[in-house]
Amino acid sequence: MTVRVLHRRRVLVPVVVAVAAVVGVIAFLSVGVGSSNRSRWTASLAYVPPAPPNSVPPTVVTHEVFDSPVVQTMTCTHDKFCLAVGFGFPSIARSATEPVSTYNALLLANGKWGKVSLPTPPTPPSQLLMNVTCTAGASCVATGAASGSKFNPNTGWGDAFLVAGSGVVTVRRVVPPKEFVGYDSHCSGTSHCLMVGKVFTGVNPAAIVSGTLEMRDEKVSRPLGRKHRSGLSGISCPASNTCYAVGYLTVGRRNQEAVVVEGNGTNWHRMPLPHLDGHSSSLQSISCASVTSCVAVGEITRDGVPSRPLALEMLDGSWSTMSISQAVLNHGDFTAVTCFTATECLAVGDGSTSTSSPTSGGTAASFQGGDWQVIQVPKVAISMDHLACLNSDECFAIAGQDIIEFKR
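Once you know that position 236 of the sequence shown is 235 in numbering that gives the first Met the number 0, the rest is easy, because the numbers rise by one and skip nothing.
In short, the hints are calculated from the structure, not lab data.
These figures come from a predicted structure and were not determined experimentally.
It cannot be assumed that every hint is accurate.
[Unchecked claim] As a list, the in silico PhoX-like pairs of lysine-lysine whose alpha-carbon atoms are at most 25 Å apart: (1) LYS406 / LYS378; (2) LYS218 / LYS177; (3) LYS406 / LYS111; (4) LYS378 / LYS79; (5) LYS226 / LYS177; (6) LYS406 / LYS114; (7) LYS111 / LYS79; (8) LYS114 / LYS79; (9) LYS111 / LYS378.
Modelling step: build the complete structure from the supplied sequences, incorporating the hints.
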């Protein structure tokens with residue numbers, strides 16, 4: 000009996016090893032090829048505004064169009080469409096009721112970017128849109144500011160309206176709380192929305208507005224208090240009752256300190272962050288693959304050293320500093336991030352540093368579970384300030400007047 004068992008083992012072991020080897024080779028090839036393909040992002044210009052008649056020739060950027068509208072922020076509904084909003088360049092108003100700047104919006108529909116017809120801004124002399132979000136359907140709300148001075152949103156109030164997925168704008172207008180300007184937002188389902196930003200009263204504290212898409216029954220929270228100058232610029236909600244928002248808190252006269260707050264939409268608390276060996280730091284954007292996995296990006300400045308990109312990672316409620324390669328450090332700051340999984344993210348930012356030339360473009364990097372690596376972007380791209388994705392293989396970033404597309 001013992002001899003038979005040993006003989007059977009001698010026969011089975013080589014077979015098992017051979018099968019395991021074949022499976023291992025197949026797995027290695029599939030993972031290697033898949034990760035290699037997915038790790039290679041390419042960037043190209045997806046939209047350049049047409050030059051108006053009698054436009055002034057470009058100065059720095061080769062295709063820059065004088066007096067052409069700028070896009071400020073955008074959102075994408077998964078595999079449906081993207082909406083980017085912003086403002087027109089300021090000009091000299093010919094009357095007290097004529098706007099100095101106007102609303103601007105671009106819509107990606109059927110694979111092509113195009114202008115969206117918007118209603119006339121309600122309050123002169125300047126208006127701009129700084130935030131946009133969409134529900135699970137095709138309805139979106141864009142908010143911004145209308146200012147009493149020529150081009151200073153800090154003294155104005157927010158204004159918002161609904162935009163349908165087809166690009167048709169409804170006539171009904173919604174207004175968020177007075178003197179609140181939102182920089183990022185999140186809507187769960189078709190009803191409840193959160194908007195992060197700041198209130199331009201007193202010391203200008205950070206604020207989070209909770210309400211419906213139409214800004215009804217809104218409530219304002221100040222998670223960093225009322226006595227400190229602060230702001231929140233990014234939010235991510237991996238679950239209906241769990242959200243994270245990032246920004247800064249002013250320390251002393253001028254220095255800033257990066258902050259992350261966690262909450263359920265009503266109650267918020269500040270999360271402890273690792274010690275950042277810098278003079279000043281701030282976080283601009285956050286993306287969470289799950290309730291226990293998030294990445295936040297921004298910038299950090301040290302004494303005598305130009306600002307550099309900052310990336311923090313949260314695992315199981317604890318934040319730590321992410322490793323950034325020297326090549327990425329030399330490219331400028333991070334302004335926006337999107338994570339598809341806990342180990343796969345895409346980030347864009349400002350490619351200018353104290354030693355860069357005026358023609359320096361934006362910067363982009365991908366994270367593939369180990370380190371941040373540089374993605375080459377078009378030379379004409381200036382600072383990229385926002386990032387939105389149709390899916391895990393196609394994303395868009397805003398670069399002033401242009402839209403940059405990332406594909407793999």
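How the hints compare with the structure:
Between LYS406 and LYS378 the alpha-carbon distance is near 17 Å, which keeps this suggested pair within the 25 Å criterion. Of the pairs offered as hints, the one joining LYS218 and LYS177 holds, with about 12 Å between alpha carbons and a cut-off of 25 Å not exceeded. Between LYS406 and LYS111, the direct Cα distance comes to roughly 15 Å. Compliance with the 25 Å bound is thereby established for this hinted pair. Our distance criterion of 25 Å between C-alpha atoms is broken by LYS378 and LYS79, whose separation comes to about 29 Å.
Distance restraint check for LYS226 and LYS177: the Cα-Cα separation of roughly 19 Å lies within the 25 Å cut-off, and the hinted pair is therefore satisfied. Note on LYS406 and LYS114: the hinted pairing holds, with a Cα-Cα distance of about 23 Å set against a maximum of 25 Å. Proximity of LYS111 to LYS79 is assessed by CA-CA distance (about 12 Å); at most 25 Å being required, the pair is judged to hold. A hinted pair counts as satisfied when its Cα atoms are at most 25 Å apart, and LYS114 with LYS79 qualifies at roughly 17 Å.
For the suggested pair LYS111 and LYS378, the alpha carbons sit about 22 Å apart, so the restraint of at most 25 Å is met.
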